[in-house]
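Engineer: Sequence:
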Amino acid sequence: MSVPPFPFTAIVAQEEMKRALLIAAVDPSVGGVLVFGDRGTGKSTAVRALAALLPRIRAVAGCPYSCSPESPAQACPHCSQGRGKSHQIPVPVVDLPLGATEDRVVGALDLERALTKGEKAFEPGLLARANRGFLYIDEVNLLEDHLVDLLLDVAASGVNTVEREGLSLRHPARFVLVGSGNPEEGELRPQLLDRFGLACEVATPTDIATRIEVVRRRDAYERDGEAFCAAQAKAEKALQKTILSARERLGGVGVPDAVLESAARLCLALGTDGLRGELTLMRTARALAALEGADVVSVAHLRQVAPSALRHRLRRNPLDESGSTARVARAVAEVLEPA
Numbered sequence: 000m001s002v003p004p005f006p007f008t009a010i011v012a013q014e015e016m017k018r019a020l021l022i023a024a025v026d027p028s029v030g031g032v033l034v035f036g037d038r039g040t041g042k043s044t045a046v047r048a049l050a051a052l053l054p055r056i057r058a059v060a061g062c063p064y065s066c067s068p069e070s071p072a073q074a075c076p077h078c079s080q081g082r083g084k085s086h087q088i089p090v091p092v093v094d095l096p097l098g099a100t101e102d103r104v105v106g107a108l109d110l111e112r113a114l115t116k117g118e119k120a121f122e123p124g125l126l127a128r129a130n131r132g133f134l135y136i137d138e139v140n141l142l143e144d145h146l147v148d149l150l151l152d153v154a155a156s157g158v159n160t161v162e163r164e165g166l167s168l169r170h171p172a173r174f175v176l177v178g179s180g181n182p183e184e185g186e187l188r189p190q191l192l193d194r195f196g197l198a199c200e201v202a203t204p205t206d207i208a209t210r211i212e213v214v215r216r217r218d219a220y221e222r223d224g225e226a227f228c229a230a231q232a233k234a235e236k237a238l239q240k241t242i243l244s245a246r247e248r249l250g251g252v253g254v255p256d257a258v259l260e261s262a263a264r265l266c267l268a269l270g271t272d273g274l275r276g277e278l279t280l281m282r283t284a285r286a287l288a289a290l291e292g293a294d295v296v297s298v299a300h301l302r303q304v305a306p307s308a309l310r311h312r313l314r315r316n317p318l319d320e321s322g323s324t325a326r327v328a329r330a331v332a333e334v335l336e337p338a
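Taken in order, the sequence shown gives residues 0 to 338; the numbers are from numbering that gives the first Met the number 0.
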């Protein structure tokens, strides 16, 4: 029997990263999560832990795209041929390796079968497997440019299109994009960076007590993973219930005009391009309010999520040598009144 993933509730510190992942789980329209920071700070552990925490989803049996029985059948090349029974499956979590070929990512058409039998046979790729789940890219800043271009197209449309030798096939590919990396190994292309709704910074803990607790918990998990996960089962169940409640509450959470004005003023003060900053800030704050059981978004919610929602949307200012996180914190202090 395989050992369950390390429990999400057992991850020590890294509160911003955990909050961002929970927000993306409540409202995938936030646009995914980018986590940059030191190696060995729990980035990949947190992603897999979150996926294991989420409730199973209902999917059409035999569908390679894990389509929901409630989704339009004509949007899927498999389901358009007829649907059978449905079953429950874990939320998909798919790793995209840096060395993956284009065919492995988007899928491949079987040209020989198409030419000899006249059948449009398709071998689904990683994007098909990630539909309705998470696509995780470690070292995302090292991803090859042609794969970045593919991801940008699919992330914008939610549909993957494969065209080979005059043959064409489209299938649903909606997923939460999660990337992690070390900033010392290179920057992310601006076009892909802008596609992430939230960007978090993680760092190696500097206080002794936190470091000891991280080592203690990891050691306990590696020595007896089953027992360690069993000890966290109650906390995991409670968090899962919170996520489900937040999803149900999300549609009814109000965003007052005064809060929208505060979000706009903050983005203006920071000089963010376009309106994606305001939209992400609003969606993120609303998801956080739902997680906290609130019926209305407050300025306090904006203050909590502003760094994650805006730090990667700032233009470089040659006259200001402070980092993006410091610039956001300064603007928040100047524009948003204390809660």
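One should not assume that every hint holds.
[Unchecked claim] The list that follows gives simulated cross-link-like pairs (lysine to aspartate or glutamate, EDC-like), each with its CA atoms no further than 20 Å apart:
| hint | residue 1 | residue 2 |
| --- | --- | --- |
| 1 | K17 | E101 |
| 2 | K84 | D294 |
| 3 | K84 | D94 |
| 4 | K236 | E247 |
| 5 | K233 | D223 |
| 6 | K17 | E138 |
| 7 | K84 | E101 |
| 8 | K240 | E277 |
| 9 | K17 | D223 |
| 10 | K240 | E183 |
| 11 | K17 | E235 |
| 12 | K240 | D223 |
| 13 | K236 | E291 |
| 14 | K233 | E291 |
Calculated directly from the structure, the hints in this document are not laboratory data.
Engineer: State for each hint whether it applies.
Structural biologist: These are the hints, each one checked on the structure:
1. About 31 Å separates the Cα atoms of K17 and E101, which puts this hinted pair outside 20 Å; it is violated.
2. At most 20 Å may separate the alpha-carbon atoms for a hinted pair to count; K84 and D294 exceed this at roughly 38 Å.
3. Restraint check for K84 and D94: not satisfied, since their Cα atoms lie roughly 28 Å apart, outside the 20 Å limit.
4. For the suggested pair K236 and E247, the alpha carbons sit about 17 Å apart, so the restraint of at most 20 Å is met.
5. With a CA separation close to 18 Å, the supplied pair K233 and D223 stays within the 20 Å bound.
6. Taking the CA atoms of K17 and E138, the gap is about 19 Å. The hint holds against a cut of 20 Å.
7. Distance check on the hinted pair: K84 and E101 sit about 32 Å apart at the alpha-carbon level, beyond 20 Å; violated.
8. Taking the CA atoms of K240 and E277, the gap is near 29 Å; set against the 20 Å cutoff, the hint is violated.
9. With a C-alpha separation of about 24 Å, the suggested pair K17 and D223 falls outside the 20 Å cut-off, and the hint is violated.
10. As the CA atoms of K240 and E183 are separated by approximately 38 Å, the hinted pair breaks the 20 Å bound.
11. Our distance criterion of 20 Å between C-alpha atoms is met by K17 and E235, whose separation comes to about 13 Å.
12. With a C-alpha separation of about 26 Å, the suggested pair K240 and D223 falls outside the 20 Å cut-off, and the hint is violated.
13. As the CA atoms of K236 and E291 are separated by approximately 16 Å, the hinted pair is consistent with the 20 Å bound.
14. For the suggested pair K233 and E291, the alpha carbons sit about 19 Å apart, so the restraint of at most 20 Å is met.
When the structure is compared with the earlier hints, violations turn up for hints 1, 2, 3, 7, 8, 9, 10, 12 and for no others.
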